[in-house]
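Given only the sequences and the hints, what does the whole structure look like? Please build it.
Heads up: the protein sequence lines correspond to chains A and L, in order. Residues 1 to 40 (this note's numbering) are what the first sequence spells out, left to right. Residues 1 to 401 (this note's numbering) are what the second sequence spells out, left to right.
It is worth saying that the hints were derived from the structure and are not from the lab. The reader is advised that the hints may include incorrect statements.
The calculated BS3-like cross-link candidates involving lysine-lysine, where the alpha carbons are at most 25 Å apart (straight line), are [claimed, not checked]:
id: 1; chain 1: A; residue 1: LYS29; chain 2: L; residue 2: LYS227
id: 2; chain 1: L; residue 1: LYS230; chain 2: L; residue 2: LYS217
id: 3; chain 1: L; residue 1: LYS341; chain 2: L; residue 2: LYS227
id: 4; chain 1: L; residue 1: LYS359; chain 2: L; residue 2: LYS341
id: 5; chain 1: L; residue 1: LYS211; chain 2: L; residue 2: LYS363
id: 6; chain 1: L; residue 1: LYS340; chain 2: L; residue 2: LYS217
id: 7; chain 1: L; residue 1: LYS217; chain 2: A; residue 2: LYS29
id: 8; chain 1: L; residue 1: LYS340; chain 2: L; residue 2: LYS311
id: 9; chain 1: A; residue 1: LYS29; chain 2: L; residue 2: LYS341
id: 10; chain 1: A; residue 1: LYS29; chain 2: L; residue 2: LYS211
For reference, the chains in residue letters:
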Amino acid sequence: MTVGESIQFAGLVYLILIAIGFGTAGLIKAMSIFFGKGKQ
Amino acid sequence: MLDFEVLQLFQGIATLVAQDPLHAIARVVLMLMGIAFVYLGYKGILEALIMIPMGLGMAAVNASVLFLAPDKTGTIFLDPLITDPAALVNIIQVNWLQPIYTMSFSNGLIACLVFIGIGVLCDIGYVLARPFSSMFIALWGELGSVAVFPLAIAFGMTPQEAAATAIVGGADGPMVLFTSLILSPHLFVPIGIVAYLYLSLCYGLYPYLIKVMIPKKMAALPMDLSKMPKITPLQKIMFAVIACTVLCLLFPVAGPLFSSFFVGIIIREAGVKPYIELLETTILYSSTFFLGLILGVLCEANTILDPRVLKILVLGSTALMISGVGGLFGGILMYYISGKKFNPVVGIAGVSCTPTTSKVAQKYVAKVNPRAMIMPFALGCNVSGVITTAILAGIYCALLK
Chain A
1 MTVGESIQFA GLVYLILIAI GFGTAGLIKA MSIFFGKGKQ
Chain L
1 MLDFEVLQLF QGIATLVAQD PLHAIARVVL MLMGIAFVYL GYKGILEALI MIPMGLGMAA
61 VNASVLFLAP DKTGTIFLDP LITDPAALVN IIQVNWLQPI YTMSFSNGLI ACLVFIGIGV
121 LCDIGYVLAR PFSSMFIALW GELGSVAVFP LAIAFGMTPQ EAAATAIVGG ADGPMVLFTS
181 LILSPHLFVP IGIVAYLYLS LCYGLYPYLI KVMIPKKMAA LPMDLSKMPK ITPLQKIMFA
241 VIACTVLCLL FPVAGPLFSS FFVGIIIREA GVKPYIELLE TTILYSSTFF LGLILGVLCE
301 ANTILDPRVL KILVLGSTAL MISGVGGLFG GILMYYISGK KFNPVVGIAG VSCTPTTSKV
361 AQKYVAKVNP RAMIMPFALG CNVSGVITTA ILAGIYCALL K
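Right, here's the structure in full:
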């Protein structure tokens, strides 16, 4: 792997991480709404 | 009269005299470093739980070099490089720490046990209260784990070695051990040593970074704790079980890590007291103790003089530095996004060395403004950081294994 390719790879990895990270945050929000109804 | 040489009696000294000067000097330096680590651990300057057993192991292993054969020196502590099954069975009966290393260290079990303990200690309620801001900070705190990858390639590493080294930026010890075992087992020993040395240095390095990047006026900002929503145990348990299932589905290779972390969380929230006591005391502390001791024993002069260690030292410190800068930059962005209601020092807790970076953030803020309490927000970012580092480990392992 060249340095140029590795920069592209790192960018792709970070994008996937951001997507899954915010996906997890969305899942947390959904859990809070779904299982927290009437308990707050 | 019995005829014997003094050096034959004191073989640790005899091997020092017989070895080449570089190895002999390295052994003496490592013995002194080991003693210093125990002292600094006792004083609370370095993390005592890891550094006291590690320092002792480091001093003892470098002192205990003896003649295994007339022209061969070594120790009877452990041999991390044995791969031949017959030789392994033989050596397990000789080296005192070999059974623990072979059965729990080199297969990642000890990393998972520590991770279960961390799960039991973590209250994910702080993440559930503010999921998006916690995750935003944690993603910035992963900057070093991604940015150092191309740097490591430029240093001549393979993609697997580069990823195993870059993950040091996540500042999560068990995760670093697990990733290096999967991607780059031949670098497992030096990466593990470097990772734990640096994690203990987080205490010392990050307060200076905060001082440089965050103006005192911003650091003194109090945060409103009254707006933190109350999270029920059911919400936490359901999140943990669903998130674990989804993440295992996405990255089966990191399944042991996700399962270990989330099972700890579920046991904590389910209130199964006998398990909670077992995991947060016996399992966590015995794993951490042996982790420290074995890492110290692995710091033998031969290993440390490996030229790859210097490369990993440079890249590991760069990764942690970039992650710290990234986390604080994320904190500054959140300060402006929130309309100047978010204390940017919380950003350092995006680096997932839990709970160390949260403590660093709270200690710094308390020094500037004794009435400012940011700990719950910092812990939320910390736990998000653990989750993002596990996801990143999963991405690296899935793409590069």
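To see whether the hints hold, each was checked on the structure:
{"no.": "1", "hint": "LYS29(A) <-> LYS227(L)", "result": "holds (16 Å)"}
{"no.": "2", "hint": "LYS230(L) <-> LYS217(L)", "result": "violated (30 Å)"}
{"no.": "3", "hint": "LYS341(L) <-> LYS227(L)", "result": "holds (12 Å)"}
{"no.": "4", "hint": "LYS359(L) <-> LYS341(L)", "result": "holds (20 Å)"}
{"no.": "5", "hint": "LYS211(L) <-> LYS363(L)", "result": "holds (12 Å)"}
{"no.": "6", "hint": "LYS340(L) <-> LYS217(L)", "result": "holds (11 Å)"}
{"no.": "7", "hint": "LYS217(L) <-> LYS29(A)", "result": "violated (32 Å)"}
{"no.": "8", "hint": "LYS340(L) <-> LYS311(L)", "result": "violated (41 Å)"}
{"no.": "9", "hint": "LYS29(A) <-> LYS341(L)", "result": "holds (21 Å)"}
{"no.": "10", "hint": "LYS29(A) <-> LYS211(L)", "result": "violated (34 Å)"}
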